[in-house]
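Undergrad: Chain by chain, the residues run as shown.
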Amino acid sequence: MDKSVWSNQKRRAVWAAGWVLLLLMAAAWGAVGQVSAQSEPPTDDDVNAVAKELYCPVCENIPLDVCGTQACAQWRDLIREKLAEGWTREQIEEYFALHYGDRVLAEPPRRGLNWLVYVLPLATLLVGGVIVAQTLRRTRRKPAAPAAAAAEVDPAADPYLAEIEKELRQRPE
Amino acid sequence: MLANFGFGALLLAFVISLYGIGAAIFGARKNSLAWVESARAAMLLTFPLITLTALALVTLLVRGDYQVQYVYNVTSSTMPLYLKITALWGGQAGSLLFWSWLLAAFASAVMLRRWDRDREFQPWVIAVSLVTLAFFLGMSVFLENPFERFWQTAGGQQVVALFQPAGALAVSPPDGRGLNPLLRHPGMIIHPPMLYLGFVSFVIPFAFGIAALITGRSDDRWIRVTRRWTLVAWLFLSLGLILGSRWAYDVLGWGGYWAWDPVEIAALNPWISGTAFLHSVMIQEKKGMFKRWNMILIILTFLLVILGTFLTRSGVLTSVHAFAQSAIGPLFFTFIALSAAISLGLLLWRWNEFRDEGQMTSLLSREALFLVNNLLFMGLLAVCFWGMIYPLISELFTGQKVTVGPPFYERATGPLWVALLALMGIAPLSAWGHSTAKTLGKALWLPALASLAAVGAVFASGVRSPWALAGFGLVALVVTVTLYDYIRGVRARMRSTGESPFVALWRLVGRYRRRYGGYIVHLGVVMMALGVIGIEMFQTETQGTLQRGESLRLGRYEVTFRSLAIFDTEDGRNVARAVMAVSRDGQPVGELYPRRDFYFDSGQPMTIPGLRSTMEDDVYILLVDWEPISTENATFKIYVNPLVNWLWLGGMVFIVGMMVAAWPSKEPELDERRAARRAAVKVAAVGD
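If you read the sequences in order, they're chains B and H. Heads up, the first sequence is in my numbering, so the first residue is 486 and it goes up one at a time. Heads up, the second sequence is in my numbering, so the first residue is 527 and it goes up one at a time.
Wrong hints could be hidden among the right ones.
[Said to hold, decoys possible] The following label-pair restraints were derived from C-beta to C-beta distances:
1) B/Arg623 to H/Thr860: 38 to 44 Å
2) H/Trp971 to B/Arg623: 37 to 43 Å
3) H/Gly884 to B/Leu583: 57 to 63 Å
4) B/Ala569 to H/Leu922: 36 to 42 Å
5) H/Leu669 to B/Leu583: 37 to 43 Å
[Unchecked claim] Reference excerpt, derived from the structure (chain H facing chain B, CB under 8 Å, subset only):
6) Pro856
7) Ser920
8) Gln926
Derived from the structure by calculation, the hints contain no laboratory data. Even glycine gets a Cβ: it sits at the ideal position worked out from N, Cα and C.
Input sequences plus hints: build the corresponding full structure.
TA: Below is the structure:
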């Protein structure tokens, strides 16, 4: 009985120790991850990956990763700093949008009037689609005779090729 | 003196074109041939006059007469002769003049054709061309005068004016500011004229369309007369866009060819509506359908041409404030709005006369598929137009500037391009009038199988992106379908004439230029699609700072920094040029020389990539930065752009196809005979 109690306690202790160990390991893993993220400076490619999605706040329509001005070089350095501090891409984009306005984002943020630019092309396409569908539907209702004729058409006898051949026969070269 | 002479000729051309408009309209109303003839003479006279104006400006540019503000702005003494001449279209004032000159040339050429069968169109074609011309000439005369000069008033103030203010002295700066260095590139020298040629030639079909509306002649004559103009317009516009892309790839130094910049889109918009028009007119020619729609398309294209001309050079797209400040902005918009109102008003007035003659007989017929093609192009136009215009709207209403960049356009237009590719594969197999799922299926299964095989091969080579696989599959489909159509035609000829395959091919293409030229264009498009898929989906890049002797790896390439030299050139540049050794899979493949040119006169840098092109991929190296004194280390950016060469090769095939399609036919009566035969059939059908 004692033995079983002990073993129960022991088992619980082992489990607890196991959990603690697991937690510690996870924490250590995270810490190591943290440390490695901080210790390894972001590469040019990391910086460009973020800069690519941002637009130069002073030049027109030039992504930050290719902009040649001094100002943009400084902004790229800023991105590097923020990355080194462990910021994510979204945080950096937000930071830029906050400081330099929405124009630094590659797309208008989806809110307010900006929805226009997303909705209007789709709406145009839809309206066009409806018009085309109606035109085609008008077609379907009418042609009793042509449909029957179409069914008889032999695919090999393309009317266009027939036309070529006919013309060739008419005026041999 | 020369400036005064140039301005005089310009003013005269403006006055004469105003007279021509009046004479043409009066002649048409009074049915007076003499007045119309007089209007025609006026039209013909504008060309030599504007030629004189342009020659005067070119002389000033070449002479380096920096008292003239335009010359001062776009040239400098270090620029070579060819750049001084082409600086004619290097700035806004010169561009507008150049535009007028091209329009006068084209409209005059139209005047020289035989008009016997289209007499009633003539006065209205003259009127529409001259209204457009007068608008542009008016801009040059009153607002964007390229002959304005610098003067110093008695009070010591420097002013810009056309004529010498009382008591003022001429001021001539010692040297000009020079052309924007980005524009000093062969691509940029040819690109604007090509674009403008395309823009201007679309005015001709528009003028005939309006003439058809005014006279109420609702047959397809206006389309037949202007068919070649439309093709030529489209050829030049396409060429302009392709050259512009190539220029961007070579000069702008971002590793790509198309940035979805608003200025690019302003030039793309008329191309989109023009492409829709080009396809849609065939339905009217064959079936007498979509007359109103074609009219809408050519009106839309004309409006987009005017808008594009304005937007590409005015700087308006950068900000609404630039628009508010520029004098020409409101005028352009007034002109566009008036043109839209008048043309659409005319169309509504003639709405009933321009009723469809034929009707759809099958959902899978060629005409039905063309309709879908038009829908897709209109979708593209909606995306591009709104994306281009929205930043202005946002700034106007909310004060907030926004950017509509590549992610927006890629997401929105990607599916539409893919659908267009699919249509290019299917439509050539469908017949005019009647096609059923069965007939189409029979024609399609073999090419579809080939396309699946291609997808399999690409998949086996390791590509997993579904979009890329779909793209490659569709490319294979279009290629097979196109070749299949060629083979069918050649076989048919061989059967009935016993010609050898080559003779049969030559004569077949020669006789049905538009059809087979069009298919060559399709082949060009799919080759370009290969390039686009390659660079859009598989481009890789890396950047790093290297000491001499160090290297950077990207994919199969290894790039080693050998040396860097910094020197001044005689034509006013400071150049930093690196020597890079490139090896592929460990094998040396040569050296590349990325460089950065700094132009003293304009204070602008320019990044020229080191580029090695093969059909498989391009390696594209940019010199980003360097250690100024020691030149011991430098930063490079490397791109590998798979398949992008197919884009340029496809572009050339595309142009060849266009030329085949647009080449003047030796047998103009062939069309007429066909039209007559169709009319006879129609009469017979009605008789039944």
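Undergrad: Which earlier hints can't be squared with this structure?
TA: Of the numbered hints given earlier, those the structure breaks are 2, 6, listed in rising order.
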